[in-house]
Amino acid sequence: MTAAAGTSFWRDLIHKPFFWGIVAIVALLALNVLKDPTYLALTINPNNGNLVGNLIDILRQAAPVMMIAIGMSLVIATGGIDLSVGSLMAVSGAVAMEFLSAAGDSGSVGAALGAIGLALVITGILGAVNGILVAYVGLQPFIATLVLMLAGRGIAKVITGGQNTTASNDPFRWIANGFVIGIPVVFILAVLLVLIVGWVVRKSALGLMIEAIGINPRASRMAGIKPKGLLLTTYILSGILAGIAGIMSVGTVMTVDISRTGYQLELDAILAVVIGGASLAGGKFSLSGAFVGALLIATLDKTVLYLGISSSATPAFKAIVIVALCLLQSERVRSWFRRRRQAPPVEQLTAKEEVTA
Amino acid sequence: MSVVTEARAPQIQETVLDRVRRMIGANPSVLPTIASVVIFVGMIVFGEVAYGRIVQANTLSNLLINNAHLIVLAVALTFVILTGGIDLSVGSIIALSSVAGVMLSNAGWNAIAVIVAMIGIGSLFGVISGVLIRYFGVQPFIATLAMMFLGRGLASLLSTKPERLGEDSPIRWIGVQLKIVDGPKVNDLVITPAVLIAVIVVAVAFFVLHRTRTGRTVYAIGGSESSALLMGLPVHRTKVLVYVISGSLAGLAAVLYTARLGTAQNITGIGWELDAIAAAVIGGTVLTGAYGYVLGSVIGALVLGLMNVLITRDGGIPPEMTTIITGGILLVFVLLQRAVTRKRE
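Residue numbers (the numbering used here), protein chains in the order written: chain A, 3 to 359; chain B, 2 to 346.
These are computed hints drawn from the structure, not numbers from a lab.
Being a predicted model, the structure only gives us computed values, none of them experimental.
Watch out, some of these pointers could steer you wrong.
Which residues of chain A face chain B? A few of them, derived with a C-beta cut under 10 Å, are [stated by the list, open to error]:
| id | residue |
| --- | --- |
| 1 | Gly140 |
| 2 | Val149 |
| 3 | Gly156 |
| 4 | Val160 |
| 5 | Val255 |
| 6 | Ile260 |
| 7 | Glu268 |
| 8 | Ile272 |
| 9 | Val276 |
| 10 | Leu282 |
| 11 | Ala283 |
| 12 | Ala315 |
| 13 | Pro317 |
| 14 | Ala321 |
| 15 | Ile324 |
| 16 | Ser332 |
Quick partial rundown of chain B residues pointing at chain A, CB under 7 Å, derived from the structure [what the hints assert, rightly or not]:
| id | residue |
| --- | --- |
| 17 | Gly138 |
| 18 | Leu151 |
| 19 | Arg153 |
| 20 | Thr161 |
| 21 | Gly328 |
| 22 | Leu331 |
C-beta: ideal position from N, C-alpha, C; glycine also.
Build out the structure end to end from the sequences listed, making use of the hints.
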């Protein structure tokens, strides 16, 4: 009895969309352990009781990717794509840093909240622009968001006047660098947001409606769903989550680097979503999958650095992973696998036919 | 005799106007192309009135010299967009191809071999995108986005510093300025072999798209892929071919750009895919495919180039506004196309 329950548990796990993501994370960690046996060691900083170690670094790095990956999951589930998330991170970082450097007071909680609020409002508005172009004007999603992907960095440059603005504000810095009971605040925040978004979309009909739009927009409209409003909401949400990711990533160094903050992170988000088992054709999403995907990307980033390869070369590895995953998703490769599995019976059948003939 | 010609002259003018009107009436998708010509002329007139020294030999020849690579890229994107696809990888193909080319050249390779290798890198990327899109059903923007990151990453693996092309390298000859007309002071009509190559590319592309079966198949795929397939057109082959053409032309653009600048870096060409898409779209190529002209894309590339000239001349517009303005223009033209195609539906 227990053995049967055990096997069914494993079978369930293998069929979970994020199973292979977890396998890949374990493999990458094993690679690091081979190079340095103490890689996984966690120590406690005696001064403040915080956990220190490579695993903690990975969790911290994964947080911004998790944010944009969740937004991207929902957008992709509607059959769209949001290429502007990386640039929106830069915009949000630029707004927050400009606000804080203008506010001056480095201890003020109010200034930190104001900066976060303003950054999220602006990225929300830019997300709404995407949403309006896609839902109401009817542009192809990748074109609508491509415009903002490229113009967004220009907007960030205009906001900071072309410079990399630096500011100091302790409460803001705490979001990215602080610890609560030994665990980084960013990671806790990211997990909380994933749980909230997941709870909202899965406990209400929202998630189902989003998937319905992705499967067949016309059928979903006939079933009484209003696709336009929902699409707009999805893109606004994606914009706001990109804004949060931007705040997390500028918070660690308290500087916005307009050409590097969030640069090429749209690929990370797409990658996380695909690793999580969602189809780029739309129609389904898995937030837990995107969560695992983001963790895998952070592990990959860290491993590539750890192996001594230039960090600007990591996109090449990610590109190879995404091509491999797209191939696995494609009909042709799937039919190859299916054919191999079905091959013996087919041969028997033809043999039988030959005999009867 | 003279009376007859005088009588004919206004009649000919009328027929030209009539013909334009008839073209728009028969095919509203010509509208964006005509709009781009009007905008180009308008920008020249505006620039001449506001800043002066625009309509003169050296400004116009610099416009061509500085945008030869963009013209080639715009032609590349025209092929892909006409089939209803997109190629986001051209910018990073340029980065990889030029970094690799300069390194090979400095390692003592023959100039011809280097140029072939540079174009070959582009073709290889095009083949990979084309096969992914055609045979594995990957969406074009995902496949070429992956290629974009792959190219950028490989270029960074090769080098992250600016690589200088040797001063005596024969490749530099492509960027050499040849005086055609020696005007007063610096007002010369200058041309580079790169400009000639770009013109040849445009001419060949025009011929291929309008006068060969392959070209007409490209348009047919954009119109309706399943109909083209049912008509027995070589859809599969052509779909891979457009990405190979686009990749190879990106490789060629890398040759032209490297020859002019003499340096290559892994960050070369960031955002050029937007410029190339914008050039094609401004020139009237509809993003859903099937409508568009190579010559329109050339005008689109020149509009973008002229815009940069005007921004520099103005001096009051911060250079970081350039991408916003490009994005804005792209958006306006996409919306215009949307309005035109929706009317057709």
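Structure-based check of all given hints:
{"no.": "1", "hint": "Gly140", "verdict": "holds (7 Å)"}
{"no.": "2", "hint": "Val149", "verdict": "holds (5 Å)"}
{"no.": "3", "hint": "Gly156", "verdict": "holds (4 Å)"}
{"no.": "4", "hint": "Val160", "verdict": "holds (6 Å)"}
{"no.": "5", "hint": "Val255", "verdict": "violated (20 Å)"}
{"no.": "6", "hint": "Ile260", "verdict": "holds (8 Å)"}
{"no.": "7", "hint": "Glu268", "verdict": "holds (8 Å)"}
{"no.": "8", "hint": "Ile272", "verdict": "holds (7 Å)"}
{"no.": "9", "hint": "Val276", "verdict": "holds (9 Å)"}
{"no.": "10", "hint": "Leu282", "verdict": "holds (6 Å)"}
{"no.": "11", "hint": "Ala283", "verdict": "holds (8 Å)"}
{"no.": "12", "hint": "Ala315", "verdict": "holds (4 Å)"}
{"no.": "13", "hint": "Pro317", "verdict": "holds (4 Å)"}
{"no.": "14", "hint": "Ala321", "verdict": "holds (4 Å)"}
{"no.": "15", "hint": "Ile324", "verdict": "holds (5 Å)"}
{"no.": "16", "hint": "Ser332", "verdict": "holds (4 Å)"}
{"no.": "17", "hint": "Gly138", "verdict": "holds (5 Å)"}
{"no.": "18", "hint": "Leu151", "verdict": "holds (4 Å)"}
{"no.": "19", "hint": "Arg153", "verdict": "holds (5 Å)"}
{"no.": "20", "hint": "Thr161", "verdict": "holds (6 Å)"}
{"no.": "21", "hint": "Gly328", "verdict": "holds (3 Å)"}
{"no.": "22", "hint": "Leu331", "verdict": "holds (6 Å)"}
Hint compliance for this structure: hint 5 is the single one not met.
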